[in-house]
Amino acid sequence: DSGVTQTPKHLITATGQRVTLRCSPRSGDLSVYWYQQSLDQGLQFLIHYYNGEERAKGNILERFSAQQFPDLHSELNLSSLELGDSALYFCASSVDSGIVQFFGPGTRLTVL
Amino acid sequence: GQQLNQSPQSMFIQEGEDVSMNCTSSSIFNTWLWYKQDPGEGPVLLIALYKAGELTSNGRLTAQFGITRKDSFLNISASIPSDVGIYFCAGPTNAGGTSYGKLTFGQGTILTVHP
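Residue numbers (our numbering), protein chains in the order written: chain A, 222 to 333; chain B, 108 to 222.
Hints were generated in silico from the structure; no laboratory data involved.
A quick note: this is a predicted structure, and the numbers were derived from the prediction, not measured.
It cannot be assumed that every hint is accurate.
Rough simulated footprint, nothing fancy, chain B against chain A, three-plus residues with beta-carbon under 8 Å [unchecked claim]:
#1 250 to 264
#2 268 to 281
#3 322 to 330
Keeping only pairs whose Cα atoms sit at most 30 Å apart, straight-line, the calculated BS3-like set for lysine-lysine is [unchecked claim]:
#4 A:LYS230 - A:LYS278
#5 B:LYS177 - B:LYS158
#6 A:LYS230 - B:LYS177
#7 A:LYS230 - B:LYS158
All C-beta atoms in this analysis are idealised placements derived from N, C-alpha and C, irrespective of residue type, glycine included.
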């Protein structure tokens with residue numbers, strides 16, 4: 222158990238819908254990272270938040286957004302969902318903006 | 108952008124055998140990480156390497172940071188069935204001009220261990 226929690230574990234929804242994925246970092250960690258894992262693209266960095274502020278963005282679609290709240294938990298919002306958004310979404314956390322990141326168990330999103 | 112190439116893509120071995128896999132990049136990395144992912148789970152950090160030439164062990168696992176800083180190796184000795192999974196190398200790369208913890212991952216090596 223990495224100490225990073227993610228909910229829900231599974232999510233099934235329809236195209237065009239909007240979903241919110243939630244992540245709680247390890248106790249004491251200020252940074253939260255979101256990654257997407259798909260069969261064709263592998264593990265891809267989406268976005269990084271540090272203590273409530275956005276620090277870096279990867280190839281995150283405009284339909285996706287994230288935020289980190291004062292209690293340091295983070296949410297990833299995915300809207301206007303398409304079939305191709307089906308993937309595993311992982312949250313990771315680290316103490317600062319560090320390189321060593323601990324991953325949560327992931328949310329498996331299925332868009333039908 | 109920076110890419111990491113892992114080889115082999117997959118391995119089928121017998122329990123008790125030793126395993127070697129590697130990761131290469133066209134550009135220099137200052138840190139190498141090795142993760143293992145079990146089916147349906149998140150990646151678990153195995154070993155972190157911070158200096159060129161560094162050799163670090165974690166139980167039956169040994170990883171090395173290549174002297175050119177463009178490659179890294181992971182060895183597993185005396186494999187057991189629970190070693191099954193996908194092994195990823197990863198390293199920090201620039202994101203929007205900064206290097207704030209964005210990790211780039213290799214495509215993974217799938218390890219199957221036959222009892």
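Hint check:
With 5 residues having a beta carbon nearer than 8 Å to a beta carbon of chain B, the stretch 250 to 264 of chain A meets the requirement of three or more and the stated coverage holds. Proximity of the stretch 268 to 281 of chain A to chain B, defined as three or more residues with a beta carbon under 8 Å from a beta carbon of that chain, is established by the 6 residues found. Remark: the stretch 322 to 330 of chain A is confirmed as covered by chain B, as 7 of its residues place a Cβ nearer than 8 Å to a Cβ of that chain, reaching the required three. Only pairs whose Cα atoms come within 30 Å are accepted, and LYS230 of chain A paired with LYS278 of chain A is accepted, the gap being roughly 24 Å.
For a cut-off of 30 Å, the pair hint linking LYS177 of chain B to LYS158 of chain B stands: about 12 Å separates their Cα positions. Of the supplied pair hints, the one linking LYS230 of chain A and LYS177 of chain B is violated, its CA atoms being roughly 36 Å apart against a limit of 30 Å. Proposed proximity of LYS230 of chain A and LYS158 of chain B is contradicted: the alpha carbons are some 37 Å apart, above 30 Å.
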